[in-house]
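Trainee: If you want the building blocks of each chain, they are given just below.
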Amino acid sequence: MHPVQKHLMDTEFSGLEGTRFEGTIALSDELINLGILEALAKLKSAGQPNTTETTAPKVAVQGPSESSEPSVDPKALLQKLNVDKLRYRTEDGKTMVDIKLNFG
Amino acid sequence: MAEQLAPIKALLEAPRDHLAGTDMWIKLPLGRTLINEVLAARPPDTPVKDLFMDPDPGNLIHIHLEAAAPVVGSIRRRLTFKPGPAVTFPDQPWLHLDITEGFKFMDKPVIRLLQSTIEKKLPKGIEFSSDYLRIHVPAMLTKAGYQKLVPLIRHLEIRGGDDQIILLFHLKA
Numbered sequence: 053m054h055p056v057q058k059h060l061m062d063t064e065f066s067g068l069e070g071t072r073f074e075g076t077i078a079l080s081d082e083l084i085n086l087g088i089l090e091a092l093a094k095l096k097s098a099g100q101p102n103t104t105e106t107t108a109p110k111v112a113v114q115g116p117s118e119s120s121e122p123s124v125d126p127k128a129l130l131q132k133l134n135v136d137k138l139r140y141r142t143e144d145g146k147t148m149v150d151i152k153l154n155f156g
Numbered sequence: 689m690a691e692q693l694a695p696i697k698a699l700l701e702a703p704r705d706h707l708a709g710t711d712m713w714i715k716l717p718l719g720r721t722l723i724n725e726v727l728a729a730r731p732p733d734t735p736v737k738d739l740f741m742d743p744d745p746g747n748l749i750h751i752h753l754e755a756a757a758p759v760v761g762s763i764r765r766r767l768t769f770k771p772g773p774a775v776t777f778p779d780q781p782w783l784h785l786d787i788t789e790g791f792k793f794m795d796k797p798v799i800r801l802l803q804s805t806i807e808k809k810l811p812k813g814i815e816f817s818s819d820y821l822r823i824h825v826p827a828m829l830t831k832a833g834y835q836k837l838v839p840l841i842r843h844l845e846i847r848g849g850d851d852q853i854i855l856l857f858h859l860k861a
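Residue numbers (our numbering), protein chains in the order written: chain A, 53 to 156; chain B, 689 to 861.
Read the hints as simulated data drawn from the structure, not as lab findings.
Be aware that one or more of the hints could be misleading.
[Unchecked claim] Below 25 Å or equal to it, Euclidean Cα-Cα: the simulated PhoX-like pairs (lysine-lysine) are:
(1) K127(A) to K831(B)
(2) K697(B) to K146(A)
(3) K831(B) to K715(B)
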């Protein structure tokens, strides 16, 4: 694992405390239909350790250096997330999410 | 590089279409210990022997640097960086930091060596002199494969802080 990733995980992302998001995210219907929400959910679970032996040989062939490295677990990030506002609406072929959140 | 998921790929190919209506401010503070970890993760074979950041309660960033160059040998300097104006597109693509104090006249060989190391080791778009460090943000994003996100960045500012550096973004599509 990259030392910066390791530091982030070891310190429970304390180096990013005070992060704030405020505004609106708009996602096109096309993006929703392509499965952007499922893709984000997949990214969320990417930090789970992979214990299935069967996938190991395949990964090793493609890139041994990446085979056993767990990525940053987003769950640790989500635990420190404070949501002040989260409002969904749809208009003109898109989904709008008004958000105000901070981390820490 | 891992294969991108289809919706992420679609988003990066046409972010203005898929994110139209997005208007978001992001404040991203980076703590001193985190920044020092980033600085410590530099490539091992550079003339920089030691590099770490000091806090400052004002809008300044202090970096301790120890570097070695032929003839002049090893030098230790505490460089003070003052953040410049915010990045805005297309008029102001540079993330600019003035070096207000730290280098001395006789440090030119070390500065030249650092410049050549930056040219060899880092992507194009990072400029370093005795007076400033500046980063061409569109070049960096293009190098990372995110060229089409460039027009979405309406504002990118770096600020010094108490034990942290703060990045302030405004993204609009």
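Trainee: Hint by hint, say whether it matches the structure.
Mentor: Now the hints, each set against the structure:
| no. | hint | in the structure |
| --- | --- | --- |
| 1 | K127(A) to K831(B) | violated, 29 Å |
| 2 | K697(B) to K146(A) | holds, 18 Å |
| 3 | K831(B) to K715(B) | holds, 24 Å |
Hint check: a violation occurs at hint 1 only; the rest are consistent with the structure.
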